[in-house]
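Q: Read off the chains here:
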Amino acid sequence: MTTWMRMNAAQENELEAAVGRELKSLGELPAPATLAARVMRRIEQRNAAPWYRRSWQTWPMSLQAAAVVILLAAFAGICLGFGGVTQTASATLEAQKHSAWFEQLGVVWSVLNALATAVVAMANHLGRGVIVAGVILILAAYAACAGMGTAYVRFALSRR
Amino acid sequence: MTDAQKFEAFLHNYQNMVFSTAMRLTANPAEAEDITQEVFLRAYERFEQLQDSPTVGGWLKTVATNLSLNHLSRYRSRWSFFSEMFRGNEEDDSVNAIEFPAETDVHEELAGAERKELVEQALQTLPTSQRVPLVLFHLEGLQYDEIAAQLGVSMGKVKTDIFRGREALRRKLRLKLAEETN
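Chain order of the listed sequences is A and B. Residue numbers for the first sequence follow our numbering, beginning at 1266 and rising by one. Residue numbers for the second sequence follow our numbering, beginning at 1182 and rising by one.
Hints may contain errors.
[As the list claims (entries may be wrong)] One-sided and incomplete, this derived list gives chain A residues near chain B with beta-carbon spacing under 7 Å:
1. L1280
2. A1283
3. G1285
4. E1287
5. P1295
6. L1300
7. V1304
8. G1399
9. V1400
10. I1403
Calculated directly from the structure, the hints in this document are not laboratory data. For every residue, glycine included, the Cβ atom is placed at its ideal position computed from N, Cα and C.
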């Protein structure tokens, strides 16, 4: 037999204490017997992997330092190189005279330069309003895709 | 003792605690095992700092709790979990209406181990939206506002869900309150 009634504050407090006692008395659940072996196997697999396939945090200190130096040097090189090339096109032409490798680089550079010039010319021709409208259109299309994907997932899950 | 042996001993010491935390939040043994594994893989990366730390238990519990909540919100019941959360506020009028149990007090009849198993089963059959805040409140020791912040819901919602969870447990376990007899 069951009856229905409203709970007062004292009963709520008592229920809180009673449920708290029950839950705290539970103690720990035993972990599956295979868990420790599984974790140790994963750790062994990670340790067996070469250093360059592990996360950067686990690299030896000397390699971490070397990686930072190389990345900084590469970044500085790109910045300086890009700045130098754009400021003095003659530097590229000079390099082309000295070696075939620089010749190829010069070709690539001139193609990229032509493309960039075309993009800038097109942007100037179209005007800022058209470019902003294009960006908004792309963002709206992205939002629509995300929205439809979300709606589809909700619909699919609700049918289970 | 090698580092690997030290870590294995550490793993054996804490695996039940971490697994229990994940299991009570997810109510799924396979998912709890995956989460426990991930917790220990993270612990391994910081083992030098963790092994002598007095707060290692708290660190493991926090990571297990966060990974379990991430898992619940991202994967298994992404939509049902949150839809239950938002539906909860609609029934405020009936929130205090409780069904009192029959005369028999199962609590008294069952032996310790059997009773614990019953409580564990009752907890795991609660809906996620009730079980998670209930576990965070009673077992992880979080306050209502901390639970609300963790779950990204209002404090009123947390209180309602915890109340309903307690009520559901009381019905399942047929707990009797002293007030009830007055």
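Q: Does the closest beta carbon of chain B sit nearer than 7 Å to the beta carbon of I1403(A)?
A: Hint on I1403(A): violated, closest Cβ of chain B at ~27 Å, above 7 Å.
Q: Using the nearest Cβ pair, does G1399(A) come within less than 7 Å of chain B?
A: 34 Å, violated
Q: Any CB of chain B closer than 7 Å to the CB of E1287(A)?
A: At 5 Å from the nearest chain B Cβ, E1287(A) passes the 7 Å test, so the hint holds.
Q: Should the interface hint for P1295(A) be scored as holding, given a Cβ-Cβ cut-off of 7 Å against chain B?
A: 6 Å, holds
Q: Return the status of the interface hint for L1280(A): holds when the least beta-carbon distance to chain B is below 7 Å, violated otherwise.
A: At about 5 Å, which falls below the 7 Å cut-off, the nearest Cβ of chain B leaves the hint on L1280(A) intact, so it holds.
Q: Using 7 Å as the Cβ threshold, decide whether V1400(A) counts as touching chain B.
A: Violated: closest Cβ of chain B sits about 30 Å from V1400(A), beyond 7 Å.
Q: Tell me if the interface restraint on L1300(A) is satisfied: Cβ within less than 7 Å of some Cβ in chain B.
A: Nearest chain B Cβ about 6 Å off; hint holds.
Q: Quick check on the hint: V1304(A) CB to chain B CB, less than 7 Å?
A: 5 Å, holds
Q: Go through the hint on A1283(A) and say holds or violated, using the shortest Cβ distance to chain B against 7 Å.
A: Where the cut-off is 7 Å and the nearest Cβ of chain B is about 5 Å from A1283(A), the hint holds.
Q: Holds or violated: is the Cβ of G1285(A) closer than 7 Å to a Cβ in chain B?
A: 5 Å, holds
Violated hints, listed in ascending order, are 8, 9, 10; each of the other numbered hints is respected by the structure.
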